[in-house]
Structure formats: C-alpha cells, structure tokens
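**Q** Chain by chain, the residues run as shown.
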Amino acid sequence: MSSMKAVNDCQPSFVRGLWALTRRELKKWLNDPVMLVMFILQPFIWMGLLGKSMNISGLFSADNIKLPPKISLPGYAILSPPGLQEVVLDGAVLSQILAEISSRIMEVAFGVADYFSFMAVGMVSMIVTITAMFSGMSIVWDRRLGFLDKVISTPVSRTAIILSKILNAALRAMFQATVILALAYLLGLRFSPTFTPLNLLWIYTAILLLSVGLSSIFIAFSIRSTRMERPIQFVNLITMPLMFSSNIFFPASLMPEWMQAVVRINPLTYLTDIVRHLTILPIDVTALIVDFMYLSLFAAVFATIGVVLAWKYLTR
Amino acid sequence: MIKAENLTKVFNRSLVAVDHITFNVREGEIFGFLGPNGAGKTTTINMLITVLKPTEGTASVLGFDVVRQSNEVRKAIGVVPQEFTADEDLTGYENIMLCADLYGIPREIAKKRALELLELVELTNFKDKRVETYSGGMRRRLELACGLINYPKVLFLDEPTLGLDVQTRIAVWEYIRRLRKEYDITIFMTTHYLEEADTLCDRIAIIDHGKIIVIGSPGELKDGLGGDVITIAVRENADVTSIIQEVENVKNVRKENGLYYVKVVEGEVTAPLIIEALRKKGYTVTRFSLTEPTLNEVYLEYTGRAIRDMEGSNAEIMIQRLHLRRARNG
Ligand SMILES: Nc1ncnc2c1ncn2[C@@H]1O[C@H](COP(=O)(O)OP(=O)(O)O)[C@@H](O)[C@H]1O
Ligand SMILES: [Mg+2]
Numbered sequence: 000m001s002s003m004k005a006v007n008d009c010q011p012s013f014v015r016g017l018w019a020l021t022r023r024e025l026k027k028w029l030n031d032p033v034m035l036v037m038f039i040l041q042p043f044i045w046m047g048l049l050g051k052s053m054n055i056s057g058l059f060s061a062d063n064i065k066l067p068p069k070i071s072l073p074g075y076a077i078l079s080p081p082g083l084q085e086v087v088l089d090g091a092v093l094s095q096i097l098a099e100i101s102s103r104i105m106e107v108a109f110g111v112a113d114y115f116s117f118m119a120v121g122m123v124s125m126i127v128t129i130t131a132m133f134s135g136m137s138i139v140w141d142r143r144l145g146f147l148d149k150v151i152s153t154p155v156s157r158t159a160i161i162l163s164k165i166l167n168a169a170l171r172a173m174f175q176a177t178v179i180l181a182l183a184y185l186l187g188l189r190f191s192p193t194f195t196p197l198n199l200l201w202i203y204t205a206i207l208l209l210s211v212g213l214s215s216i217f218i219a220f221s222i223r224s225t226r227m228e229r230p231i232q233f234v235n236l237i238t239m240p241l242m243f244s245s246n247i248f249f250p251a252s253l254m255p256e257w258m259q260a261v262v263r264i265n266p267l268t269y270l271t272d273i274v275r276h277l278t279i280l281p282i283d284v285t286a287l288i289v290d291f292m293y294l295s296l297f298a299a300v301f302a303t304i305g306v307v308l309a310w311k312y313l314t315r
Numbered sequence: 000m001i002k003a004e005n006l007t008k009v010f011n012r013s014l015v016a017v018d019h020i021t022f023n024v025r026e027g028e029i030f031g032f033l034g035p036n037g038a039g040k041t042t043t044i045n046m047l048i049t050v051l052k053p054t055e056g057t058a059s060v061l062g063f064d065v066v067r068q069s070n071e072v073r074k075a076i077g078v079v080p081q082e083f084t085a086d087e088d089l090t091g092y093e094n095i096m097l098c099a100d101l102y103g104i105p106r107e108i109a110k111k112r113a114l115e116l117l118e119l120v121e122l123t124n125f126k127d128k129r130v131e132t133y134s135g136g137m138r139r140r141l142e143l144a145c146g147l148i149n150y151p152k153v154l155f156l157d158e159p160t161l162g163l164d165v166q167t168r169i170a171v172w173e174y175i176r177r178l179r180k181e182y183d184i185t186i187f188m189t190t191h192y193l194e195e196a197d198t199l200c201d202r203i204a205i206i207d208h209g210k211i212i213v214i215g216s217p218g219e220l221k222d223g224l225g226g227d228v229i230t231i232a233v234r235e236n237a238d239v240t241s242i243i244q245e246v247e248n249v250k251n252v253r254k255e256n257g258l259y260y261v262k263v264v265e266g267e268v269t270a271p272l273i274i275e276a277l278r279k280k281g282y283t284v285t286r287f288s289l290t291e292p293t294l295n296e297v298y299l300e301y302t303g304r305a306i307r308d309m310e311g312s313n314a315e316i317m318i319q320r321l322h323l324r325r326a327r328n329g
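Residue numbers (numbering that gives the first Met the number 0), protein chains in the order written: chain A, 0 to 315; chain B, 0 to 329.
By construction, these hints were calculated from the structure, which means they are not laboratory data.
Each residue gets a CB set at the ideal place from its N, CA and C atoms; glycine is no exception.
Watch out, some of these pointers could steer you wrong.
To be verified - Beyond 12 Å from chain A on every Cβ pair, some chain B residues (computed):
1) Asn-36
2) Lys-126
3) Glu-173
4) Thr-198
5) Asp-207
6) His-208
7) Gly-223
8) Val-249
9) Glu-275
10) Glu-296
As the list claims (entries may be wrong) - Quick list of in silico lysine-lysine cross-link-like pairs, DSS-like style, CA-CA up to 25 Å:
11) Lys-111(B) x Lys-180(B)
12) Lys-27(A) x Lys-128(B)
13) Lys-280(B) x Lys-254(B)
14) Lys-152(B) x Lys-52(B)
15) Lys-111(B) x Lys-126(B)
16) Lys-210(B) x Lys-52(B)
17) Lys-27(A) x Lys-110(B)
18) Lys-27(A) x Lys-126(B)
19) Lys-52(B) x Lys-311(A)
20) Lys-279(B) x Lys-262(B)
21) Lys-26(A) x Lys-111(B)
22) Lys-26(A) x Lys-128(B)
Generate coordinates for the entire structure from the input sequences, incorporating the hints supplied.
**A** Have a look at this one:
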C-alpha cells in the first residue's frame, strides 16, 4: 500500500460538484422505471379521460342537437317584411349556421377548434408542477437518510447542493413534458401551422423557469422537515387548486373577475400560455414576451429565497 | 492536530449540548470521546468538521480555524458519520466516486484510489452491487473507504461500530488499526463502547452531559483508580505485610483471612518483584492472582454510574437514533 503522503490534491469545483450531485439524482430516477411511468401516467390519464370526454365543440354541433328538416316559427319572429303568418326554416341551412357559430365560439374561447388540443398542452404545466415539487422535497429524504450530513461535511459548495436539486427538477420536467407532448400528438393534438420543432427550445426554456421557481419553493418549504408525509400531503392538497386556478382547463377570459385575478398570479398560467402559443396557436410575440418576463421574475425571486433559506440552514 | 478551547454548543438557546470543553489531539494518535448517548459526542464532532458553528469557544484542525477557515478544514479531513450515509440506490463504487467528485479529486487519481480503498476494506467483489444489498458491516466499511478518498490527515469517526454485532465490530477495529498503521493518519473517534475505547484509543476523554470529566490514556485512567490489585498467600504463618510494603510501586497492603490484597501500579511489572522479595526472605508464595481494573470501573468512578446501563440492543439503538433525529429536527 502506498504510504499516504498527505498531498492535498482536492480542488473542489462548483461545476463538478453540481454535476456530480445532479447526476446522482438522475441515476436514481432512471433506476426506477416504475416511478418514471407513474409520473407520466397521471397527466396521461387526465388528458385521455378529461380531454376526450369534455367534447365541448361537440356540444354545439348540429349532429348533437339533431334538428328536424323543417322548423316552423310564428310569423312575428321575422321582423321584415312584416305580415307573414308562419315562417318555415330549412333545417340543413340552420345546421350550417350553428356549425359556424360553434366554431366561432371555440375559436374565441379556446383559440382552437377542439378542446382536446386545448387541455392536452396544459398537461405540460401539470407535469412540471408535480415533478418540481417532488424533486424539491427529495431533500427531506437526503436528510432522513443521512446523505445530506455526508455531503455538507465535504468541501462542495453549499449552493451547489441546492442547485443540484433545482437542476434535477428542471431536467426531469423537460423530459417528461416531451413525453407528454408526444403522447398528446398520438392522441390527436393538432399543431398550428406556425409550429416548428425549434419552438421546443423555447418551451424547454419556459419549463426550466417554472421548475426553478417551483422546486425552490418546495426546497425552502421542506428543508427543515424530517418527514415525507407532510410535504406529500401538501402537494396533494395544492396541485388540484393550482391547476384549476390557471388556464389549463378553461380560458381565463370566461372566468369571474376574482378568479381571473388568481389566474393572473398563478405561474402555471404563463407556462401554459407559452406552450399553447408555441404549439397549437399562432405565435403571438407580445404575449410570449410578457409570459417569459413573468416566469423569469417568478424563477429569480423564488430561487433566491430558496437558496438563501437553504444555505442558511446548511451553515448553521 | 486538533485543538479545542472552551468549545461550546447551545441548541435553541437553552440546551447546552457541549459545555466549555478543552482538549488537544496529538499527531498520529487515536483519540477517543467516550460517553453515553446524548453526552454531546456527535455535536462536538460536528463542530470540528465545520458542520455546526460553535456557540462559544474556538477549535482548530491542522491549524485551520473551524469557523474562519472551514473550507481548508473540510479539504484536509475525512469524516465517517454516525449514520450510514451512502446512497442506497447507487453501487459502492459509484458512491466512492461521488465523494471524489465532491472533494474535487482529479478523475484519474480518484479512480485508482477508489479501487485501492475498496481493496483495503475488502469490498472489491461487491463494488458494482447496489448499497441496498450490503450488510451493516459492509456499509460501515464503505463509509470508511469514502472517508479516506481525499487521503485525509485527520479522520473523524463517529461511533464507528454502533449497532454492529460483536464479530463485525472486531473486524472494523482491525480496519481502523490498519488505517492508522498504513496511512499515517490521526484519528478522532467517539464511542459509547468501553472495550472499543480501551483497545483502540491511545487517549480517551470521558464526556458526560457535555463536559469532559477526565482525559488520559486507558492505562493512566485505570492507574488513576489506584492501580491493579494483587492477591497473595504465603505458606508461613508470619505477617509479611512490611516486606511487601517495601517493594517498589506498591501503594498499600491489606491482610484479610490470611490473604494479602496489594494495590500496585503496573501490576505485571510489580508482581514478580513482590514474589522475588518474599522468596529472598525465605517465604513461599502459595496463591497468587492479579486483577486489573477495567475502564468500566473508571467510568463508574468518574460518572457515578455504569455505562452498561446505557447500552441497548441494536434495535433499541436504531429506534433511539430515529427519535434523536426527529427530536432534533422537528
Ligand atoms: N440539532 C439539534 N438541535 C437540538 N438539540 C440537539 C441537536 N443535536 C443534538 N441535540 C441534543 O444535544 C445533546 C447531545 O447530542 P449528541 O451530540 O448527538 O450526543 P451523542 O452523540 O453523544 O449521543 C442531546 O441532548 C441532543 O438531544
Ligand atoms: Mg452521537
């Protein structure tokens, strides 16, 4: 055995430490295919069941309403020329008019002709939320299992410890969002003509921003807690309200005033809006700029808070 | 190598976990903190390894202040925490390499060293198995290997054999001795097992309720109790008390029922001298025994209770550890 000439060859580097810790998380994640599938399964089920069953465009279609071929109305329904006793309308023409109206309603309210496309892209926000929360909270496990004690006794940067959690959340979310979009496409999502694969890069950027903000919140929230039960309960409690108080399932413009205010604060709204504009809607640069600015602000504020709180905790 | 002066840690403004302790660890020695659960051993280690900030007092490791030069300290030391800290989902090799990354050891060197250390702790055959499948002893050995990845000059071992069965415990002692011999390294360890402190440590500090009660080598501590007791009988009827009394190192002699109870320092050396002195005067020794005080008695003497009371089964210890963690963090 070579004698230990105490040469100190440690050159702790921020990037290497950060990457080593992130790689560990990713390895654990890939080692557990069941969890991988479970995470994707949830939005997939929502998309398949809710997206397909809520056939809102079908609601207004003539097939649904089943008009008789001839519809007679009392004469006073026609304002001009006056004096008719009875008016008979052609059902087929009326169906056409209805179809036109229904597609106008869809266009105005949802921006696209089918509800499935509208809500399926919202599933990206859902999966980002769940993934970010769970990855942020996994710091509780690291503490419980002593791994965190070990890491903080090494010269690795404390900031790298926290950033590795955030980075891990973002990378996972990007991967899972890609899978969800692909599945949605297979189930009938219709892209707008302005969609190009290059848009995905912007979508990834937006996913990164939301994951950074959300996972930071959850790191800050759970770094002092030793039990997983409480944070899990918390996630269960807030995911639903968080999703329904955004534009994932329904356009904000049709919601009551007070609800619209909530929707406007909810960061999920902005990610969903970005994804919609870059996939199923025509690109609207102004809207995109606003969305990105909001998400960047959200990410910056909460990442700072999260890192500061966690850092304070790690250097007691 | 390690200096602590009035080192103190107060939790939540009221719980004094470590209470103004002062000690000095010399180069190359194995220095042990001996004390029951909750005595403040882990808290002391955590301050020395820069994980906790002292409330009061100062400490330095290799001349680096643990607060102001914490990064220098971290680079130069190895730590084997009380709990198992390896990642269960990774293999032994991956765990060691992760440590190497955190210390920033150049990749090529790290690979060679990881294999060497796995060899040292006899885990080479298991290096590509997930830690999940390891036994307690294997995990402890892996932790040892991880703690050595940066070739530390000082190694901190917190309860290195906690919860291990007797055989595994003896094996771990063997590794620790080898480490000290092959890698010239200073070791600071804590334990609440008396035999462990006795067989491994060059010097021991007994700590209770956050205070150091006494420091010394196991031999000194035992001698401090008044030394060994030699029991002697002679065939002749005469009183030989004065003859025995004259022998070097004899502290006192008591005669009871024809037996002489002799308190001596360094029994092994003094016993032949006594026998020799008696023979010279024409007496024949018919009975002889030598009893050395154990650390147990030392402990009893200084703390007023037996440390045995504190030990529980492995299962109890695990439960205690869980509670401790919850209580601490909750
Ligand atoms: N983080 C903490 N917060 C509050 N109290 C703590 C904390 N860590 C340890 N303690 C308390 O300090 C005392 C000493 O604990 P510790 O150093 O772990 O003892 P030992 O390692 O000797 O068993 C115990 O009473 C323990 O409950
Ligand atoms: Mg302890």
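**Q** Against this structure, judge whether each hint is valid.
**A** Hint check:
Every CB of chain A lies more than 12 Å from the CB of Asn-36(B), the least distance being 17 Å, so the non-interface label holds. The beta carbon of Lys-126(B) sits about 16 Å from the closest Cβ of chain A, which is more than 12 Å, so the claim that it is off the interface holds. At the 12 Å boundary, the C-beta of Glu-173(B) stays outside the reach of chain A, the nearest C-beta of that chain being 15 Å off. Chain A leaves Thr-198(B) outside its interface by the beta-carbon criterion, the shortest separation being 23 Å against a cut-off of 12 Å.
A cut-off of 12 Å between C-beta atoms confirms that Asp-207(B) is not in contact with chain A; the least separation is 24 Å. No beta-carbon of chain A is positioned within 12 Å of the beta-carbon of His-208(B); the least distance is around 22 Å. Under the 12 Å C-beta cut-off, the non-interface status given to Gly-223(B) relative to chain A holds; the minimum distance is some 35 Å. Under the 12 Å C-beta cut-off, the non-interface status given to Val-249(B) relative to chain A holds; the minimum distance is some 45 Å.
The claim that Glu-275(B) lies off the interface holds: its Cβ sits roughly 45 Å from the closest Cβ of chain A, which is beyond the 12 Å cut-off. With a least beta-carbon separation of about 35 Å from chain A, Glu-296(B) lies farther than 12 Å from that chain, consistent with its non-interface assignment. A distance of roughly 21 Å separates the Cα atoms of Lys-111(B) and Lys-180(B); the hinted pair therefore holds under the 25 Å criterion. Proximity of Lys-27(A) to Lys-128(B) is assessed by CA-CA distance (about 14 Å); at most 25 Å being required, the pair is judged to hold.
The straight-line distance between the Cα atoms of Lys-280(B) and Lys-254(B) is roughly 19 Å, inside the 25 Å bound, and the hint therefore holds. Taking the CA atoms of Lys-152(B) and Lys-52(B), the gap is about 22 Å. The hint holds against a cut of 25 Å. A hinted pair counts as satisfied when its Cα atoms are at most 25 Å apart, and Lys-111(B) with Lys-126(B) qualifies at roughly 14 Å. Taken as a hint, the Lys-210(B) and Lys-52(B) pair is honoured in the structure, with Cα atoms around 18 Å apart against an allowance of 25 Å.
Pair hint Lys-27(A) plus Lys-110(B) holds up; C-alpha atoms about 21 Å apart against a cutoff of 25 Å. A C-alpha spacing of about 17 Å is found between Lys-27(A) and Lys-126(B), which places the hinted pair at or below 25 Å, so the restraint holds. Proposed proximity of Lys-52(B) and Lys-311(A) is supported: the alpha carbons are some 12 Å apart, at most 25 Å. About 21 Å separates the Cα atoms of Lys-279(B) and Lys-262(B), which keeps this hinted pair within 25 Å; it holds.
For the given pair, Lys-26(A) sits about 23 Å from Lys-111(B) by alpha-carbon distance, which is consistent with the 25 Å threshold. Note on Lys-26(A) and Lys-128(B): the hinted pairing holds, with a Cα-Cα distance of about 14 Å set against a maximum of 25 Å.
Hint compliance for this structure: every hint is met.
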